[in-house]
Amino acid sequence: MLAVEGIEAGYGRTRILHGLTIDVPKGGLIALLGGNGTGKSTCLKVIAGLLKPTSGRVTLDGEDITGLAAEDRPGRGLCLVPQGKEVFGTMSVEENLMMGGFHRRRDKAGLAEDLEGVYTRFPRLRERRRVSAGMLSGGERQMLSIGRALMSRPSMLLLDEPSAALAPKVVEEIAEAILGLRELGLSLLLVEQNVGMALEIADHLHVIRGGRIAFSRAVDGGVAPDELRSFYLSGGHDDEA
Amino acid sequence: MDLFLQYLANGIVIGSAYVLVAIGLTLIFGILGVVNFAHGEFYMLGAYAGVLTVTLLGLPLIAALVVVIAFSAVLGVLAESLLHRALRERDMTSSIIASFGLAVALQNAALLTIGPRPMLLQTDLSMLAVEFGPVFLPLPRFLIPVAMVVLVGLLFGVLRYTWTGRSLRAMAQHRTVARLCGVRVERVAMVTFMVGAGLAGVSGFLMSSVLMVTPIIGNMIVLKAFTVVILGGMGDIMGAAVAGLLLGVVETMTSAYLTNGLRDIIGFVIVIAVLLFRPQGLFGKSVERS
Numbered sequence: 001m002l003a004v005e006g007i008e009a010g011y012g013r014t015r016i017l018h019g020l021t022i023d024v025p026k027g028g029l030i031a032l033l034g035g036n037g038t039g040k041s042t043c044l045k046v047i048a049g050l051l052k053p054t055s056g057r058v059t060l061d062g063e064d065i066t067g068l069a070a071e072d073r074p075g076r077g078l079c080l081v082p083q084g085k086e087v088f089g090t091m092s093v094e095e096n097l098m099m100g101g102f103h104r105r106r107d108k109a110g111l112a113e114d115l116e117g118v119y120t121r122f123p124r125l126r127e128r129r130r131v132s133a134g135m136l137s138g139g140e141r142q143m144l145s146i147g148r149a150l151m152s153r154p155s156m157l158l159l160d161e162p163s164a165a166l167a168p169k170v171v172e173e174i175a176e177a178i179l180g181l182r183e184l185g186l187s188l189l190l191v192e193q194n195v196g197m198a199l200e201i202a203d204h205l206h207v208i209r210g211g212r213i214a215f216s217r218a219v220d221g222g223v224a225p226d227e228l229r230s231f232y233l234s235g236g237h238d239d240e241a
Numbered sequence: 001m002d003l004f005l006q007y008l009a010n011g012i013v014i015g016s017a018y019v020l021v022a023i024g025l026t027l028i029f030g031i032l033g034v035v036n037f038a039h040g041e042f043y044m045l046g047a048y049a050g051v052l053t054v055t056l057l058g059l060p061l062i063a064a065l066v067v068v069i070a071f072s073a074v075l076g077v078l079a080e081s082l083l084h085r086a087l088r089e090r091d092m093t094s095s096i097i098a099s100f101g102l103a104v105a106l107q108n109a110a111l112l113t114i115g116p117r118p119m120l121l122q123t124d125l126s127m128l129a130v131e132f133g134p135v136f137l138p139l140p141r142f143l144i145p146v147a148m149v150v151l152v153g154l155l156f157g158v159l160r161y162t163w164t165g166r167s168l169r170a171m172a173q174h175r176t177v178a179r180l181c182g183v184r185v186e187r188v189a190m191v192t193f194m195v196g197a198g199l200a201g202v203s204g205f206l207m208s209s210v211l212m213v214t215p216i217i218g219n220m221i222v223l224k225a226f227t228v229v230i231l232g233g234m235g236d237i238m239g240a241a242v243a244g245l246l247l248g249v250v251e252t253m254t255s256a257y258l259t260n261g262l263r264d265i266i267g268f269v270i271v272i273a274v275l276l277f278r279p280q281g282l283f284g285k286s287v288e289r290s
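Residue numbers (the numbering used here), protein chains in the order written: chain C, 1 to 241; chain G, 1 to 290.
FYI, nobody ran anything at the bench for these hints, they're computed from the structure. Check the hints yourself; a few may be wrong.
Covered stretches of chain C, going by a simulated chain G footprint (3 or more residues, C-beta under 8 Å) [stated by the list, open to error]:
#1 77-83
#2 86-98
#3 102-116
On a predicted model such as this, the values are computed, not experimentally measured, just so you know. Beta carbons are placed, not taken as given, at the ideal position from N, Cα and C, and that holds for glycine.
Generate the whole structure from the sequences, applying the supplied hints.
Now the structure itself:
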């Protein structure tokens with residue numbers, strides 16, 4: 001589905017990613033873990049087209065999209081739910097959702113259908129559809145960001161720390177919502193600091209360190225938390241594992 | 001009392017012209033983060049485009065209005081694509097200084113091609129007038145608030161109910177998320193400059209039968225428009241509409257009841273006071289979230 005090969009990228013003179021390679025198989029849920037400043041978000045920015053890599057390539061369904069503008073990626077089925085639960089604060093919840101479908105705005109019937117789908121998935125958003133998005137709680141905003149991404153009918157969804165700054169109970173809800181997305185046949189790349197949540201829902205996880213993948217395991221058989229913890233500890237990273 | 005109502009009407013007329021200029025300015029700032037000091041020149045060139053179309057080509061007013069809108073829109077697109085597009089990723093000072101430069105260039109271009117002689121639009125409409133009780137307004141003046149209400153209403157409709165309008169609002173709120181939704185910055189920037197310059201040009205044309213048109217009329221109107229934008233809250237369209245009318249009325253009243261010399265000063269006094277005590281603007285909410 002999505003393949004990231006040997007990406008090098010950074011900001012100005014600071015190089016963050018040093019030859020990062022990740023594969024997301026069709027229908028897979030891959031988690032990318034790592035401490036602060038290890039390059040997780042940078043990796044998603046490169047995949048979403050917000051940051052141009054200095055070398056390496058990104059392919060979607062075998063097609064090279066490295067040079068494709070960020071604005072054109074939703075039309076290819078690739079969508080990023082950015083960090084920080086960003087919403088259009090003075091626009092209503094429903095307008096926020098509709099914006100997610102901007103690239104397919106001529107498909108009125110399809111948008112109405114998908115809007116209904118998002119409301120069914122997140123009933124709370126239906127209740128609050130006329131409310132300004134800026135008035136929502138953190139959890140509701142995260143649901144709105146995810147719902148907005150779904151309106152673009154993605155096949156590959158990137159999630160940047162959806163659990164950050166949320167109460168444990170809300171994190172549960174978000175985790176369930178993400179699991180629910182798998183039923184849609186979506187492929188997911190999840191960036192997290194919350195190792196517990198990632199272990200719970202991902203089927204494969206990578207740990208990023210120093211701008212490249214340093215540890216990689218399938219979760220199927222259950223990754224021994226000890227193994228992961230010792231990896232984290234040996235790396236000198238202090239995380240909420 | 002009768003005189004007061006007449007002053008009020010005069011204030012609303014001039015205020016409506018401010019509103020049209022200020023809304024474009026606040027739109028360009030709110031959506032693109034560009035502080036456009038050349039906005040007064042969009043007003044000045046719109047006025048010339050209209051006056052010259054009527055006097056040189058002898059076209060009717062409605063045709064002149066179409067010419068003004070088309071000409072101003074093209075001007076806006078050129079300013080965006082030739083100047084501000086290249087500066088978009090730089091810090092704000094680059095575009096501020098560039099817009100100053102554009103203002104000087106356009107003023108001098110007008111001076112060289114059209115000359116310094118003041119012009120006034122004279123039409124048959126000037127013979128007609130509208131009367132409401134004690135208030136008397138020549139038709140060309142009466143049309144200014146009418147046009148303002150129609151255009152602002154239209155703008156609101158577009159912003160609220162069309163995809164283009166939604167994409168503009170989304171871009172104003174959060175550029176990155178708007179891009180992630182598939183909104184093209186280039187397109188939004190172009191539309192914004194087109195609308196902003198178009199509104200300023202129409203304002204200039206409407207005012208060309210009230211005040212003399214010269215190459216330097218943009219200087220004062222842009223400062224007035226900035227006053228309005230700050231009073232209304234940067235980027236707030238409704239705030240700019242209310243503040244524009246308010247400034248027009250306050251100026252007229254100052255000139256009528258105090259002294260005409262204070263007319264152009266009063267707005268700046270208010271703006272300094274607002275910046276000191278209410279920097280979010282008269283109607284602005286303070287920051288809603290961190």
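### Task
Examine the region 77-83 of chain C: at least three residues should have C-beta closer than 8 Å to a C-beta of chain G.
Per the Cβ count (3), the hint holds.
### Query
Okay, the region 102-116 of chain C and chain G, do three or more residues pass the C-beta test at under 8 Å?
holds (count 3)
### Task
Check, residue by residue, whether the region 86-98 of chain C contains three or more positions whose beta-carbon lies closer than 8 Å to a beta-carbon of chain G, and give the verdict.
holds (count 8)
The structure agrees with every numbered hint stated previously.
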